[in-house]
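First to last, the protein sequences are chains V and R.
Taking our numbering, I'd label the letters of the first sequence as residues 45 to 383.
Taking our numbering, I'd label the letters of the second sequence as residues 3 to 282.
Think of the hints as simulated: they come from the structure by calculation, not from any bench.
Glycine included, C-beta positions come from ideal geometry on N, C-alpha and C.
Each statement offered as a hint is correct.
Just the calculated beta-carbon pair ranges, DEER-fashion: (1) 48(R) x 66(V): 40 to 46 angstroms; (2) 208(V) x 16(R): 51 to 57 angstroms; (3) 99(V) x 36(R): 16 to 22 angstroms; (4) 90(R) x 278(V): 30 to 36 angstroms.
Below, simulated EDC-like cross-link-like pairs (lysine to aspartate or glutamate); rule was C-alpha separation at most 20 angstroms, straight line: (5) 154(V) x 286(V); (6) 139(R) x 161(R); (7) 342(V) x 290(V); (8) 208(V) x 172(V); (9) 82(V) x 92(R); (10) 200(V) x 172(V); (11) 272(V) x 253(R); (12) 82(V) x 55(R); (13) 219(R) x 208(R); (14) 154(V) x 233(V); (15) 87(R) x 86(V); (16) 200(V) x 162(V); (17) 154(V) x 183(V); (18) 82(V) x 163(R); (19) 175(V) x 233(V); (20) 139(R) x 39(R); (21) 87(R) x 109(V); (22) 154(V) x 285(V); (23) 272(V) x 249(R); (24) 219(R) x 204(R); (25) 139(R) x 163(R); (26) 87(R) x 132(V); (27) 208(V) x 343(V); (28) 139(R) x 55(R); (29) 200(V) x 272(R); (30) 200(V) x 106(V); (31) 91(R) x 51(R); (32) 91(R) x 86(V); (33) 175(V) x 232(V); (34) 342(V) x 161(V).
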Amino acid sequence: MAQGGPPLNFASITGNKAQDQPLRSVQLDGHVVLKIVKHCRESYPTLVTGQLLGLDIGQTLEVTDCYAFPRTDEQDDGAMDASSYQVDMMRCLREVNIDNNTVGWYQSTKMGVYQAEELITTYLSYQESIKRCICIVYDPVGMGSGRLPLRAVTLKEAFAEAAKKEGVLSLTFEKLRAKGVSRKDIFEEIPITLHNSPLAAAMATALEPEMTAAQSDTERLSLSVAPKLESNLSLLNACLDDVFLEQQTVSQYARALAWQQQQQAQWLQRRRQENAGRRANGEEPLPEEDPNQFKPIKEPPAIDGFLVFNQLNQVCNQLNGITAQGLQKVALLQGFQRL
Amino acid sequence: MAPFILPVGSAATTVRVQPVVLFNVCDAYVRRNEGQERVIGTLLGVISDGVIDVRNCYAVPHDESSERVAVDITHHQLLAGLQAKVNPKEVVVGWYSTGDGVSGSDALIQDFYSRECQNPVHVTIDTTLQNQSLAIKAYISRALLLAEKQLATEFVQVDCEVKTADLGSLGVDLMEKEISEKVQHDADSLETCISQLSLCLEQASEYVDKVVEGKQKPDQAIGRSLAEAVSQVPFISKTDLEQLTNDSAQDVLLIMYLSNLVRTQLALADRLGTAALPLL
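This is chain V alone, in the form it adopts within the complex (with noise of 0.2 angstroms):
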């Protein structure tokens, strides 16, 4: 680490230096921001993709550009428009001296629910030609907080590693928590900065619509709550569906595993009877093992029961916020009205 001597200069930092410093921000370009919300906005409700692209700068990662994912019909061949869109757009983007690293991806959202394997396995992928690479997930409905409701995910380091030796399915309890992985470390948010070109900055300034308060505002300001709050419980009814669901697929499985082991011990026992009587006969006994007979349950991988207790922890979460909000305003109100 380049930390003792005094080379300050940007080889050292961007050299192999990069990967081991851990990500402490990632820095979006203002107008990369602008464009990530019309892309999902306007496609709403579906979900769509895009591709983010920048720079990896020591603790920072700095996104400077972005660009859209065509939206995959399924008369098309997939594979092959994708990947021919992806190679000509980044042709493209170089000429005109747009820095053409990809840096993640960014992805639109429903009511904020993203822990989905397919965000694991989205990495995985992404991270076997990059070193570190982030996922922006955008909510185009917002929670109506005032708050732009833009989050970067990333994936840890100890369960990426993890992932990648055993396969995201195949892993179990005893495997993640032999390298000290819980619940909680698997995805990780990190803080988002804005940045803006001065010339980006002026014409902003120069912008600036008259209304005095931004629409921003008068969202955080209105004392509904209950919409916000409907939708967030029939979420968490969701989840609590999903939460029961895995749990009845682990029960299966014990009960499965269980009436096998039942099953072995049985056998083991008639054979140990068989084998008794042949050598009263004085017959030769027969082997005890039948490794052929009982074919080893699969266990269901214990990345599900992960990503729902966190989807559900994350459901709290906001549900709190709105439900402190409401209470904060609730009590402004009666503040002004003894006024």
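Fit chain R to the given chain V structure using the hints.
Okay, now just chain R, sitting in the frame of chain V:
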């Protein structure tokens, strides 16, 4: 003398530009090659009822000298095709260039674009910041005919409007700074909101006081809008309001209790490791 015909332009077209386009242009200008004075590119958008809504754009490499102008046509067509795959509704509607005003070679470029679409619109964005302002102007071209022979093409300025709604919802203050922290705590943002609201109210009450004392001339429009705003506050009797607030507070508390319950359950399951255990 052969008549000199100035054709009447098509029904007054207005151009609406989305802020994404402007920021893209700024970015393209910042990234231009050395020695290039300006950047040109294609505009994509939707035409409806004589209003051209410009929604997207991309830069096109070009070569410009005093004698000739060369535009990379393959690049333009390739990118147009790629963008069409993403959003088939957006078509080529014109082109943009940075720099103040219209120059001679623009006629040639406009000619090229008129082969791509009908009546292309040319938008200029003054990134060189002459006149201390970022002027955004739009032009459409008109042919000047002299006895059926085309003499010249004239650029006629049309109205250009920048839609700022998107920018407003994003937060203009976020875009104005060069580096800014983005995540704002809900409690803090509510506080800033309320303080802004109280500021507005103070300004309004100051104004009304001044008018009543005769220090300031009353403006009918402002007075009317103030009266409207005040009348919109619903008059609810005290008991009713209390009941309403209590009801909603109770609902909110119930849901908070529920979500905390679920969270505690999850935390316990984590600690005890029962997540992996089956239900027996």
